[in-house]
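Chains A and B, in that order, are what the protein sequence lines are. All the letters of the first sequence, read from the start, carry residue numbers 305 to 648 under our numbering. All the letters of the second sequence, read from the start, carry residue numbers 6 to 565 under our numbering.
These aren't lab readings, by the way, just hints derived from the structure by calculation.
Chain B side only, calculated, beta carbon under 7 Å to chain A, not exhaustive:
#, residue
1, P33
2, T36
3, L76
4, A84
5, G93
6, V94
7, H100
8, L101
9, R102
10, V103
11, L104
12, K106
13, P143
14, C147
For every residue, glycine included, the Cβ atom is placed at its ideal position computed from N, Cα and C.
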Amino acid sequence: MEAVLKNVASAVELLAVAAHSDAVSQWDEQTLSRAFQWAGYCEHVYTRFHTNSAIRRVVEKQLQHTNATLRDAFADYNEVSFMDLPRCEHLLLRALLNNPQLPISTIRILFGLKNGTSRRYHYQEVTGLCSHLIQCKSACEVLCPFSGLSTVSAEAEVQGEMLMKRLGALLSQGSDPSQAEHFLHSSLPLCEGAARHSCLVITAALLTASDSAGQTSSQSFLLDWLQKEHGVLQHMGSTLPSAVLKDLAGAHRKFRDAYFGTLKKWASEMEYSLSDGEWVPACTAAAPALSFPKMVEHFSDLFDACPSLRRNAEDELLHLKILDGDFDARGLSVWGDILSEVKK
Amino acid sequence: MVSIGSTAETMKELPCLGQILGRLCWNPYVTVGDTNRGLLLQCLLGLYSENPSNALERKANQWIRKVLCRLATEDDDPAAQILMKSTGVPPKEYHLRVLKKMVKQHQENIEKTCCSKKSIDQRCSCDVILTTSEVFVPLLDCPEASPVICSLLQRPGTSFTDALSEDFLDALNSTDLRLAVDETALVSVWYHSLPRLEEAVLDLLEFATSTGSAPQNLEQHISKTQLPKACAHHCSMFLVVNDIFRSILKQAEGNLAVHSVIQTFTRCFLKELEELQPRTAASLKAFFPQSPTSLLVPLLTLPSEMPQEAWKNHLEWLTASLQRLAEQEEEEEGDSQSSRGHHNVFETWFLLVQCSHWVQVAGELLVTSEAEPCSNLLWLMTFYYHPTNRWHCRAALLEEAKEAWRHLRTLSSASVRPLPTDHLQPLITLLSLKPQRPSAPLLTLSLMVYCAIFCQLPHSQSVEIFQTVVHAAGLLHEAACVLNSLQHRLNEGSCSSRDTVHVRIKKLQSTVTHMQAGVNPHTPHNRDQWELCCRGYRRDQRPALSLPQPSSFIICCEHT
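Based on the sequences and whatever the hints tell you, model everything.
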């Protein structure tokens, strides 16, 4: 273990040198290659130990120590955390390319332009690394407009996988569930603009067929979290197309129940506007809100997707209507109006 | 830019250059292709000054570094970045996974919405193929895209007006494909891209002719290229391949390696064809439209497919037909229609080259048959090596062949040691090129080889004769070619009496190899000639799918 810690410390020092020192001007192709091998080593350390909380703590302690030393040595030093280890190659590359002392000949190697000719990239080599990166990114951009081929886009699907994998790792460590919840909060922001994206990622994560017990428990955890986070559910209800919501409700019972709860909450926050002759969300209702016809559509879709829910749900709505006075006239009970629309 | 000089001067000449390059960097259609990306980066780095001498150059340097850093490390999807950080997935892995997933989605889309592979005769009428091929045009040299590209290429299509987009087909010709190409995809690429098919054929020919010694695993190599199989499935491909062969033959006269390739290729092709359909005259005619119909089946029949006793008669009939054809050509000479006669003779001769097994049988029978009148067989062999009768040299060549034959006959019947040198020397003379008279060294050489293998002399003696003569004449490479061709043919048959023959051939082959080790194996004459004709083909000859008429049969009686 000592050797590993020492190596990690060396690798982090190497990162700092790559970012801030003019020693890089002396680096030849072999040195460059070795530097990237060190970065690969860090990634390997992460892969090996990220589910082992004891070792993780030890490595984090070492990192703290190394960070402190390097902070003293370099003015604008960026600290390296444990979660930075799997992205070491990227950090190294960024550090090098931002370092004005890096010779242009080294940049040529990284872009596969040695000796004036383009060289092909071979996996895990250094030559042409940047070129390959650019090709991948560009290819994704070229194909992006045509991503309407399946329910969720490729990016959402991959992000969903990444989310689930990390969640699974956190859960399997037997650590405090609040850590996993914190992870979900930080990975799925709901602020302006990001909310829709987060909803897509969650959808992708939930719609991927689960092929292991670990994955099932991750999905279960995610669903529990969703049930607590009404905000997320509301975003999902208002931004996702109904077909997708139907799929989700059909795939996961917990989602179905939570979503039904959200719809009821929305409905309960509606007021009847005499001037419009329609139910509208109250001004005090939390955004986002649905219009009445939209909400009815959602209720219908939910019942279509889950016939088993229908009867119980209709009974429940009927009960609520009765509590409101059991009037059949429109505009007096939102539950009655929903029921009558849904039964059409 | 290189010629202009410093960056400052360049920017003065082309003030918008920086702007243009900068914009191009963010255009994914430019940065996705290897060539364009390489050029763009070269341009950018060309503007970099190693020793900046003014503020403009320093600023340019800074800007270039910044652009390169952004290109390689930045992401403009903040939500994805957050997730990457929190899940510990590096951008390289993320983008690669996304790309692979997108490709997979497209592939599933193709398979889902298009006809199944079972109905290979039906053309798919859906738009998915067209749209997908259009989408993937910029990604032809992206290795991760190869599953879809292979899928697109393998769609059934019975005519050239396939569902693939024009742009896709054009790009197929010019892009450096980086497909993990499997068998069917490779055939599809050839089917859709004529230049690629030509490339594959020329590569094959180069392989066969540029190795130091005649490759003994030629048949294996040819089969491995998948070309014969592809031709068996697509008649049009076979016609194109043959056109290339014709062209090369006309320019590389006397190159026995080329003859070998053509013969072996045809044999492999026929084997593949046999698997697909029973051999009928009608079906064969489609593949050999220009060959005289009466000769087609007789020539294509392998010697192993008929009893040995019938060989002589068969050859006599063949020779008689060929002689008739040749005479017809001579009659028409001087006539305005003479090109037609030449054309017929050329096509017949080409078919003979494709079916040289009969020429080998003729050689074998010459040696082994007791009866003397064998002028027919000699005529056939002379025709094989010298098909034209320009300047009426055929009669003279036939005489020379007979003379060589007499010498060989004497040598092989003499059981007296030491060797009768008064017969050896004339042979050596016959084997050398003579600038003034028409000469037949290759014919003499093959007669030599057949004698050495099939004669009654004790083997060591025949090897000695062979060694002496061939060494003196310097025709090692050609001798190897003849031996290898013979060996290929004999490998088909399975008679036990052939074992001694095989042993002899092997012994001669090793003798030749030994001799070649001591000498520069590839005569400069052949190699230069080969390079010239390859270059010539690539520059001039681009056969269209409709076969061109060979304008004139330009083989001269003299070697160049």
